[in-house]
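Peer 1: If you want the building blocks of each chain, they are given just below.
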Amino acid sequence: AQKITQTQPGMFVQEKEAVTLDCTYDTSDPSYGLFWYKQPSSGEMIFLIYQGSYDQQNATEGRYSLNFQKARKSANLVISASQLGDSAMYFCAMRGADSSYKLIFGSGTRLLVRP
Amino acid sequence: DVKVTQSSRYLVKRTGEKVFLECVQDMDHENMFWYRQDPGLGLRLIYFSYDVKMKEKGDIPEGYSVSREKKERFSLILESASTNQTSMYLCASSLQDGGYTFGSGTRLTVV
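If you read the protein sequences in the order shown, they are chains A and B. In terms of the numbering used here, the first sequence opens at residue 8 and continues consecutively. In terms of the numbering used here, the second sequence opens at residue 4 and continues consecutively.
Chain A on its own, in the form it takes in the complex (with noise of 0.2 Å):
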């Protein structure tokens, strides 16, 4: 069965600094994909990153970085240069190899932006 875990209910970071968000995965699938998400306080879920598993290189968005750590089974995401509007819940998902494309995610972590 898949899973995803994220160990960190609730995180503060100061204003311009950087802040990682831990996720952690399992799966028997080789081929899978990893997304991280964001959910303001209005509800909407925006979409941050993509990794996939056969990708050789941590993806990248603008401020956003995928750590990605196969063997570890860790798809940690770094916010460089926090801005208060960062404030948000932040969650981790995967989608399997199966045909049905269903995202499975984690309980989320809430990030705080302190100014």
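Simulated from the structure, these hints should not be mistaken for laboratory data. Computed from a prediction, not measured in an experiment: that's the story for all the values here. Every residue gets a Cβ at the ideal spot worked out from N, C-alpha and C, and that includes glycine. Please note that a few of the clues may not be correct.
Using 16 Å as the maximum straight-line C-alpha spacing, the simulated EDC-like pairs for lysine to aspartate or glutamate come out as follows [what the hints assert, rightly or not]:
hint, chain 1, residue 1, chain 2, residue 2
1, A, K10, A, D33
2, A, K10, B, D62
3, B, K73, B, D31
4, B, K60, A, D105
5, B, K6, B, E33
6, B, K21, B, E82
7, B, K74, B, D29
8, B, K58, B, E33
9, B, K6, A, E51
Covered, in the sense of this in silico footprint (three residues per stretch, anywhere, with C-beta under 8 Å from a C-beta of chain B), are these stretches of chain A [what the hints assert, rightly or not]:
hint, region
10, 50-64
11, 108-122
Please build the complex by placing chain B on the supplied structure of chain A, with the hints as guidance.
Peer 2: Frame of chain A; chain B shown alone:
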């Protein structure tokens, strides 16, 4: 841009009522999903559909059913609403092996 529209942002229903949550997407996506979101539990998959009239149970289907008569519309049905179904419900759609687009959510309160 792909849009996923959920018919209600907030809904209050009474215990025992039959409740319909509607979701419509406008970009011909094959896959559609219903999740519920609860604090500390993240998003949990209720049902999903990969084609018209096709449906598959997710991780927590008990107390729910779905309907997909047209490709663009995926309805979640609470046959007899209970207070433990008070939650945020999120609909999503995707192409095969593509990105996912989420609706803005329906916050359902069952009293």
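Peer 1: If you check each hint against the structure, which ones fail?
Peer 2: Violated hints: none at all, because every hint is consistent with the structure.
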